[in-house]
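J.: Just so you know, the sequences run in chain order A and B. Okay, so the first sequence: first residue is 1 according to the numbering used here, each after it adds one. Okay, so the second sequence: first residue is 1 according to the numbering used here, each after it adds one.
Please keep in mind that the hints were generated in silico from the structure rather than gathered at the bench. Values in this document were obtained by computation on a predicted structure and should not be read as measured data. There could be a bad hint or two in this list.
To be verified - A few chain A residues that face chain B, going by a derived Cβ cut-off under 8 angstroms, partial list only:
no.	residue
1	LEU36
2	HIS37
3	ARG56
4	PRO57
5	ARG61
6	PRO64
7	MET66
8	ASN75
9	GLY78
10	ILE88
11	GLU97
12	VAL139
13	GLY217
14	GLY225
15	PHE278
Using N, Cα and C, we set each Cβ at its ideal position, and we do this for glycine too.
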Amino acid sequence: MDGVRPMVDMTTQLATLTLPNPVLTASGCAAAGRELHQFFDVAALGAVVTKSIMMRPRSGRATPRMAETPSGMLNSIGLQGPGIDAFIDTDLAWLAEHGARTVVSIAGGHTDEYVELARRLNGHPAVSMLEVNISCPNVESRGQVFACDAIASSRVIGAVRRAADPSLPVFAKLSPDVTDITLIARACADAGADGFSLINTLLGMVIDTDTMAPALGGGTGGLSGPAIRPVAVRCVWQVRRALPHLPILGMGGIRSGLDALQFVLAGASAVSVGTAVFGDPSAPVRVLAELEQALDDRGFAALADAVGYAHRRPADRLVPEAAEVAAG
Amino acid sequence: MTADTVVSKPVQETAEIFSVQKIGEYVQFTVVAPGIAAGFQPGHFVAVAVGGDNTSMLLRRAFALYGATPTGQFAGTIQFVVAEHGPGTRWLTQRSVGETLDVVGPLGTSFPLPSGPSPAVLVGGGYGSAPLIPLARELVAAGSPVEILLGAATGSRLFGELVAKRTVGAVTVTTDDGSAGVRGRVADVLPDAIERIGAEVVYACGPMPMLRAVSEVARAHAIQAQVAVEEAMACGIGVCMTCVLPVRGDDGRSRFVRSCVDGPVFAADRVRWEDVGTLPADVMGADAMGGH
Ligand SMILES: Cc1cc2nc3c(=O)[nH]c(=O)nc-3n(C[C@H](O)[C@H](O)[C@H](O)COP(=O)(O)OP(=O)(O)OC[C@H]3O[C@@H](n4cnc5c(N)ncnc54)[C@H](O)[C@@H]3O)c2cc1C
Ligand SMILES: Cc1cc2nc3c(=O)[nH]c(=O)nc-3n(C[C@H](O)[C@H](O)[C@H](O)COP(=O)(O)O)c2cc1C
Ligand code: FES
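Construct all of the structure, not just a fragment, from the sequences and the given hints.
T.: Structure, rendered in structure tokens:
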């Protein structure tokens, strides 16, 4: 680093949506932006991804709702939220007022709930994209998680795609807890998904050895943080390889610009910073600055040139400028 | 009777450690954090990063503020008290003067202060007495008669006895094992204290069972109690929803509210103590929980 501000074109494209930069918050790790705005201007992010919203107000699960684990944490929040009406009236209104681009994450217990949520959000000026959280139990299928079943996933994504404003990209947020994530991704793509958010948390459990019972009120919880990063990078790599024409929003344990760069090189056009925010409230803007520097250091003039770069054949991988960096 | 609580405006600061002092089983930190000191009100807390760069401990640890000095000698410092509990607090207690800590604060709500002089009893359990000391100073300065009750499992876990005596004079100590002061629980000596000074309000900070007991005594005396709770927190700034507890609102309906931004100070009669750690059926949105 020579102290000169890097000059990398950081704009990125998520289907039809153009963002000025590729760093976003992660659903459930930034509420609706207001609290983080005390630490940095949320309009400076690529976008704010809001906590998954459902039709009705939800209490969430009993406490304890978290357990720290090595380089990670388990959470069992249970999608606590105000319901779509209050969300639109207060949270979306606040985001619009503060000029923040917004990706709204929607969640449901059955396909009709997702469809109704998409309809309610149609035409709202603050909404730039929908992220469909399908890591939810399907009440019509004995609680089986949508994202673990290709047919259920494609049904939800297809229905949301048809119901949503055609100008809004619809991203399917997939779970890594499947045998082959590309099968689910392909089913969603066939149903009309415009891209993927990869990955949601991994199901985990901690037993408290004092009480000799599960540490979380909900028993199991979702594992997040750097502990899951290699799994997430692998998922991005596999889906990029299987469906190279569809954009990916990558996430899972991103704590630094170099972490973000791994996702970009594996095929992500943008990244979400989730759990890292709990340890460092300004992590998203720091990751953005570090990513820009890392791209500059490697001779990339534009972020877009680095997306999926690790998939190139070895002979095509070293751009001349990057070779110089490596040499000197 | 009481004025509104002061909701904090947090900042993140790299704070140099000015002093580290061992007091009984506790370690008292004074660190240079002018932005946090400037916004401090009694009841606010800080969230401190632990473990250093690239640590496997991702989450900040919460500590109640024991004091802040925005101006004058030692200007821009804040103080907090750490009890060693697990790996994070152990890492902290091994820090020394001149090193820096990454601190976010002030966080949460403060203790609401009476609008005029008003007799008050302050009840601290273990390190829970730390935030009550600056509160006592403010109450005394406003002309309120104040008594402080300090309780702990054993003598070495008492905090702030000397400074409490210097601040208010009237201090009662209890320990479960009788190694210091009166043997028993601190809530047991609360009724006498309330009656002695004709208290109109009780303030408390300590373990949840103690707060619940304090709440019951206050209710029996038909006076208000303001208590600072301690719930496990992942973010401390209101974005993650881990730190909730069931609280009755002005409209009579109960909600899961975040103790990091809507608390840690709550009116004790609003907290549904018996339901903490459960999902009561009448909490707002509990009816939507099937399956998840
Ligand atoms: C508002 C508030 C004020 C507090 N004030 C003080 C204080 O003034 N002095 C003091 O010594 N301690 C205080 N605590 C408790 C302190 O935060 C915990 O003891 C500490 O987080 C334990 O971390 P650890 O790594 O040592 O323990 P571990 O048990 O290894 O921690 C594992 C995880 O659980 C969380 N955790 C564990 N115990 C608690 C707890 N009791 N409360 C909250 N989170 C917990 C940790 O943050 C961490 O994420 C306060 C807690 C809160 C919420
Ligand atoms: C406390 C918490 C709450 C979360 N809530 C949601 C949610 O509501 N919807 C969702 O799609 N993902 C949710 N996630 C998953 C994150 O958006 C993200 O996919 C995952 O945590 C991996 O990224 P990270 O390691 O950077 O946190 C949540 C994660 C955490 C830690
Ligand atoms: S600790 Fe995250 S919302 Fe309170």
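J.: All hints are to be evaluated individually against the structure, with a verdict given for each.
T.: Hint check:
1. With 8 angstroms as the threshold, the beta carbon of LEU36/A comes within range of chain B, its nearest partner Cβ sitting at about 7 angstroms, so the hint holds.
2. For the restraint placing HIS37/A at the interface with chain B, the shortest Cβ-Cβ distance is roughly 11 angstroms, beyond the 8 angstroms limit, so the hint is violated.
3. Checking ARG56/A against chain B: minimum C-beta separation of about 4 angstroms stays under 8 angstroms; hint holds.
4. Interface hint at PRO57/A: satisfied, since its Cβ lies 4 angstroms from the closest Cβ of chain B, which is below the 8 angstroms cut-off.
5. This hint holds: ARG61/A has a C-beta 6 angstroms from the nearest C-beta of chain B, less than the 8 angstroms allowed.
6. Interface restraint check for PRO64/A: the shortest CB-CB distance to chain B comes to about 6 angstroms, inside 8 angstroms, so the restraint holds.
7. Annotation: interface hint on MET66/A holds; nearest CB of chain B at approximately 4 angstroms, less than 8 angstroms.
8. With 8 angstroms as the threshold, the beta carbon of ASN75/A comes within range of chain B, its nearest partner Cβ sitting at about 7 angstroms, so the hint holds.
9. Annotation: GLY78/A was flagged as interfacial toward chain B, and the flag holds, the nearest CB pair being 5 angstroms apart, inside 8 angstroms.
10. Taken as an interface hint, ILE88/A does not check out: its beta carbon lies about 17 angstroms from the nearest beta carbon of chain B, beyond 8 angstroms.
11. Hint on GLU97/A is violated. Least Cβ distance to chain B is approximately 19 angstroms, over the 8 angstroms limit.
12. Interface hint at VAL139/A: satisfied, since its Cβ lies 5 angstroms from the closest Cβ of chain B, which is below the 8 angstroms cut-off.
13. Here the hint on GLY217/A is kept, as its CB sits about 7 angstroms from the closest CB of chain B, short of 8 angstroms.
14. Annotation: GLY225/A was flagged as interfacial toward chain B, and the flag holds, the nearest CB pair being 5 angstroms apart, inside 8 angstroms.
15. Interface restraint check: PHE278/A against chain B, minimum CB-CB distance 4 angstroms, threshold 8 angstroms, status holds.
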